[in-house]
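Asks: Input sequences plus hints: build the corresponding full structure.
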Amino acid sequence: MIEARHLTKTFRDKKRGEIRAVDDVSFRVQPGQIYGLLGANGAGKTTTLRVLATLLQPTGGTAVIAGHDIVREPEKVRANVGFLAASTALYGRLTAREMIAYFGRLNRLPEAEIRVRIKRLADELDMHEFLDRRCEKFSTGMKQKTSIARTLIHDPAVMIFDEPTLGLDVMTARAIVRFVRDCRTRGKTVIYSTHLMGEVEKLCDIVGIIHDGRLHAEGSPAALIARTGEADMEDAFVQIVGAKEPA
Amino acid sequence: MNWHSIATVYAKELKDLLRDKRTVRSMIIIPTLVMPALTFGIGKIAAGVFSKARAETPVVMVLSDGASPGVMAQLEQDKKLRLVPARDDWKQQISDKKLRAAVQLPENFEAGLKAGAAPAVTIYHYEGELKSGFAVNELEAFFRDLSARTARARLAEHGLPETLVRPFETRRENVAAPEKVGGNALGGIVPYMIIILCFMGAVYPALDLTAGEKERGTMETLLCSPVARVDIVLGKFLMVLTSSLAAMVLSLISMSVSAVAAGSVLGGARMAGAARAAAGAGALPTIDPAGVLGVLAMVLPVAVLFSAAIFTVALFAKSFKEAQTYVQPMVFIVILPAVIGMLPGIDLNARLALVPILNLSLVCKEMLSGVWHWNYIALIFGSTCVYAAAALALAVRMFNREDVLFRV
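Heads up: the protein sequence lines correspond to chains A and B, in order.
Residue numbers for the first sequence follow our numbering, beginning at 1 and rising by one.
Residue numbers for the second sequence follow our numbering, beginning at 1001 and rising by one.
Keep in mind the hints are simulated off the structure, nothing from the lab.
Nothing here was measured: the structure is a model prediction, and the numbers come from that model.
Note that the Cβ used here is the ideal one computed from N, Cα and C, for glycine as well.
Simulated coverage check for chain A against chain B, where a stretch passes if three residues somewhere in it have a Cβ under 8 Å from a Cβ of chain B:
#1 49-60
#2 86-98
#3 106-118
Restricting the straight-line Cα-Cα distance to at most 20 Å, the calculated cross-link-like pairs of lysine to aspartate or glutamate (DMTMM-like) are:
#4 B:K1015 with A:E111
#5 B:K1021 with A:E136
#6 A:K188 with A:E3
#7 A:K137 with B:D1020
#8 A:K119 with A:D182
#9 B:K1015 with A:D132
#10 A:K119 with A:D132
#11 A:K137 with B:E1215
#12 B:K1015 with A:E136
#13 B:K1097 with B:E1129
#14 B:K1098 with B:E1127
Replies: The structure is reproduced here in structure tokens:
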């Protein structure tokens, strides 16, 4: 389970002064649920997810993930989280097998267990053909599969996806979406950030609309559309954040 | 701190770096193959140029009033010189390297010698030109011999013994052990080389494992793992330290091997000076093994200091290129004290023993010469350990700073 309580993150910028990237954000995600964090670029999605993944420390508030506090027990939180983002790359000079095994070792799994899990993941993700090739030569699809296997090697209870389909072709993006659904089926707690309305409607059980670091609305896609009286998620989003289209 | 995590990070970084062609080139191939090839190549060229110049009989010109036929005849008979007829453009010929040297005999030189006068002979040459220098050496040897023969003749005329002008002889004899002489001869350059090699060996991996990882996006992936950041820093730092020490040791071994091989193959031409000083002509200088071990022990904290310092500086950069611009000025900070340590006349004292790098350079020079100032050695080792620990602590601190790791 994920429970964010008044999560706040500020940065200091020499020119702009204090920037509140995340401002008093609270939400809850249950196991077997996909929570979509929907927002425009710069809305605070990535910062929120980085704070949840303990890559960044919150300035205020906290969150409890799989029973561990992100401020007090960041290492235990990370042991229970699989974090996948467009910015989390692979080691080009390692093979896919070595890459996955490395993260298995970092998660303190025994070597025999790592071997078994790599075999299972390679079966599930159809990776055998390139498992022993170096990642630097991979296509985008192969990279995504390897990254997914990397996030799953320690079988985390919580999955955090930060715009995982960004820049991917349609087929690879569909594979990712399918994988996220699989996570829900397996009972994992999933949080998924995106700015694509279609993905939200297809995937998410609950959507949190974030803008300027603040959570403006929360509910199922259908509920949000109904609440705003708009025809689809995109119009509902625009009405909620009160955004004006650029001239 | 978890040793399993540190070892995991270290093992991965080692495998990753050894697969990087640039690392293998800079850490292994260049020090072990290119350096000996260069040593051999430069040595062979230098020895070839030197022996060719030596083999050539220097062309010299005698500027004389024609009143010294005896001296002219002796010069013509000297097989080590080739006389050419005097010409007015002799200065130009020396400048054009057609003529190696010219000698000006004073007016009535022979008559003056017989009359007991002390006329001055002037040798004109091209300063700094190798072959002109050989010609001058031959001419000076000829006139020294002529001077000695004239003095003997004059003494004999007056029935006086030769010892009147040369009452005694002096000769030099080395009593220092060859390793001490070798240590003294190489004591300046070896610490300098060690310091530079240690630094250079740490640069590439430190940049690759920090700014390089940030640039490639793998740093964020690594930070997602449950490993504590201090363990990540230590694993990466140990890899940088390994590279620093490996580059230094490999370079030193290959340079030593190539120097010995070049010495025997090339007749020790380039090492001749140090060799003769060490144990007579033909032998190469040796270094006290205890001194070498002492140097290696003293280098350890300095390698830690370099590795941690470069690691910290490179961590601030967003890209490998940016990191290079930060680290380049550090080269001068390292070279300056290392060069000062090489200078003669700068001796170790309590104050200098606290100056990093310079203290290592000075104490290594002493240890290689067989001088062991234990108080200074302890002070230098201790102070460098403190600096190294501070640099490592700073590296860990910086690695925990979000504005450093996620600088955009």
